[in-house]
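Going line by line, the protein sequences match chains A and B. In terms of the working numbering, the first sequence has 255 at position 71, counting the first letter as 1, and numbering is strictly consecutive. In terms of the working numbering, the second sequence has 832 at position 259, counting the first letter as 1, and numbering is strictly consecutive.
Just so you know, the hints here were simulated from the structure itself, not pulled from any lab data. This one's a predicted model, so the numbers in the text were calculated from it and none came from an experiment. Note that the Cβ used here is the ideal one computed from N, Cα and C, for glycine as well. Check each hint, because a few of them may be wrong.
Simulated pairs of lysine-lysine, DSSO-like, Cα-Cα distance not exceeding 30 Å [to be verified]:
1. Lys788(B) x Lys828(B)
2. Lys828(B) x Lys224(A)
3. Lys261(A) x Lys828(B)
4. Lys224(A) x Lys936(B)
Simulated restraints on C-beta separations [stated by the list, open to error]:
5. Phe654(B) x Tyr232(A): 26 to 36 Å
6. Arg273(A) x Tyr582(B): 19 to 29 Å
7. Thr213(A) x Ile678(B): 47 to 57 Å
8. Pro200(A) x Ile672(B): 48 to 58 Å
Here chain B is said to cover these stretches of chain A; the calculated rule only asks that three of the stretch's residues, wherever they fall, bring their Cβ under 8 Å from a Cβ of chain B [claimed, not checked]:
9. 205–211
10. 228–238
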Amino acid sequence: MKNNKRNRINKLLEIPQEVYSNVPKIVITGFDEMVIENFKGILEYEEYYVRINTHIGIININGYNLNLENMSDDDIKVSGKIESFDIERIE
Amino acid sequence: MFIKILFSYLSGYLRIEVTGYYIERFINLCNSNHILTWNIKKGKNSNILLNIEIKKLKEVIKLAKKTKCKLKIKNKKGLPFLLYRYKKRKIFAISLLTILILIAISSNFIWNIEIKEEEGAQIENIEQDIQEAGLKVGLLKSKVNTKEIINKVRLKREDIAWMGIELKGTNAIIKLVKATEKPDIVPDNKYSNIISNKNGIITKINAQKGTAQVKVGDTVKEGSILIGGWMEGKYTGVRYVHAEGEVEAKVWYTKNKTIKYKSVEAKETGNQEKKYGIKFNNFEINFNKGVSKFNFYDTMISEKKFQIIANFYLPISIVETTYKELENTETTLTFEDAKQLGIQQLEEELNNEIENKDTIVNKNINAYEKEDSAEISVTYEVLEKIGTNEEI
Chain A
185 MKNNKRNRIN
195 KLLEIPQEVY
205 SNVPKIVITG
215 FDEMVIENFK
225 GILEYEEYYV
235 RINTHIGIIN
245 INGYNLNLEN
255 MSDDDIKVSG
265 KIESFDIERI
275 E
Chain B
574 MFIKILFSYL
584 SGYLRIEVTG
594 YYIERFINLC
604 NSNHILTWNI
614 KKGKNSNILL
624 NIEIKKLKEV
634 IKLAKKTKCK
644 LKIKNKKGLP
654 FLLYRYKKRK
664 IFAISLLTIL
674 ILIAISSNFI
684 WNIEIKEEEG
694 AQIENIEQDI
704 QEAGLKVGLL
714 KSKVNTKEII
724 NKVRLKREDI
734 AWMGIELKGT
744 NAIIKLVKAT
754 EKPDIVPDNK
764 YSNIISNKNG
774 IITKINAQKG
784 TAQVKVGDTV
794 KEGSILIGGW
804 MEGKYTGVRY
814 VHAEGEVEAK
824 VWYTKNKTIK
834 YKSVEAKETG
844 NQEKKYGIKF
854 NNFEINFNKG
864 VSKFNFYDTM
874 ISEKKFQIIA
884 NFYLPISIVE
894 TTYKELENTE
904 TTLTFEDAKQ
914 LGIQQLEEEL
924 NNEIENKDTI
934 VNKNINAYEK
944 EDSAEISVTY
954 EVLEKIGTNE
964 EI
């Protein structure tokens with residue numbers, strides 16, 4: 185009930201969702217760079233495959249020469265030739 | 574993020590290789606322990622390469638033990654390691670330091686004197702006078718008393734209207750304004766005549782004060798009185814005044830020239846040879862010895878001061894000597910060609926002399942043919958205002 189009220193206020197004030205909740209924000213710049221905010225951890229990391237855990241699901245990235253640049257507490261930058269990515273929902 | 578990496582460059586960072594089965598767990602642990610990691614790259618086997626800050630190494634070793642990973646330092650980067658490397662190169666460090674000190678010391682001296690004259694005005698022997706007044710190359714900047722030097726030079730020379738010395742870096746810039754020679758102006762309360770300063774024929778005379786001494790059509794010579802500084806009245810007698818008035822006259826400007834038909838001219842063939850040398854103040858070192866390989870040549874020497882940044886000169890200059898090969902060519906002109914050439918040259922000279930070209934009334938050209946040359950004379954007839962005041 186309390187959470188619901190806060191949600192309503194935040195929506196009213198147009199605060200970005202990734203700021204007040206744990207919802208991840210994914211930004212892809214070109215085809216070679218991807219920034220994920222609000223991530224939880226890395227599940228798997230290979231040169232051709234990155235699996236990133238978030239609070240609402242898992243993001244799978246496929247590509248070549250994938251590097252994890254600039255990792256900090258709640259955002260991660262994946263660079264390299266990204267071929268595809270998909271989302272696994274956890275309900 | 575970028576700033577954090579920059580700071581870690583200053584404090585030093587490590588590139589480490591982590592090998593093990595639970596690499597993802599290791600990365601996640603690093604993240605949850607607030608250890609900054611960047612440029613994570615997957616190796617061929619079950620290993621990764623990543624950068625960490627140097628002060629977090631102990632924590633990282635603990636985490637690696639926890640996840641049963643092997644840790645290996647691949648590379649040490651950053652400023653502390655760079656400085657450590659240069660610690661061993663003592664001679665390099667010492668020479669770098671001495672050069673810096675030498676430059677710092679030499680920046681306290683004047684190594685170049687630049688004289689800037691206003692609009693191409695030529696002031697002769699000014700360099701010598703400035704040197705005598707106490708501004709020399711190689712002097713300590715703090716010992717230069719600009720006011721005293723300016724006073725000394727101005728006392729000595731009368732043709733300088735203004736002088737300024739500016740010390741910029743190792744460069745002393747002297748700015749000069751030449752005093753224009755003013756004609757002696759006779760004060761209004763003194764009696765004066767107007768006299769002619771040129772030869773010519775009077776075309777207009779208008780005496781406002783004084784008595785006109787010449788008529789229109791008269792030929793006057795330099796120095797003769799045009800308007801006399803006195804007035805005669807029937808009852809008052811002779812009264813002296815300060816003469817005023819306007820006199821216009823036809824004045825001739827004539828120039829002569831003899832142009833020979835046969836002339837020998839030295840022309841550049843385009844071949845040139847350059848030789849270099851270094852000059853320390855007055856001590857010169859030439860890199861090439863001997864004279865030029867050409868038989869007949871022109872020599873040009875240019876000196877360039879060594880400059881680190883703008884207005885920061887050092888007492889070293891590079892001397893470039895250029896030898897240009899010359900070749901004698903004989904040209905033969907016909908009378909017509911010589912005439913044209915002569916007229917062209919003379920007209921140019923006359924045009925430089927006459928300020929206002931609208932006042933030219935008539936041009937007269939004479940050419941005489943001789944055995945080996947052509948004699949040309951050009952005369953310009955110009956309407957001009959003549960006359961200057963002179964005290965009686």
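Now for the hints, and whether the structure bears them out:
no.	hint	result
1	Lys788(B) x Lys828(B)	28 Å, holds
2	Lys828(B) x Lys224(A)	99 Å, violated
3	Lys261(A) x Lys828(B)	87 Å, violated
4	Lys224(A) x Lys936(B)	99 Å, violated
5	Phe654(B) x Tyr232(A): 26 to 36 Å	34 Å, holds
6	Arg273(A) x Tyr582(B): 19 to 29 Å	41 Å, violated
7	Thr213(A) x Ile678(B): 47 to 57 Å	53 Å, holds
8	Pro200(A) x Ile672(B): 48 to 58 Å	56 Å, holds
9	205–211	violated (count 0)
10	228–238	holds (count 4)
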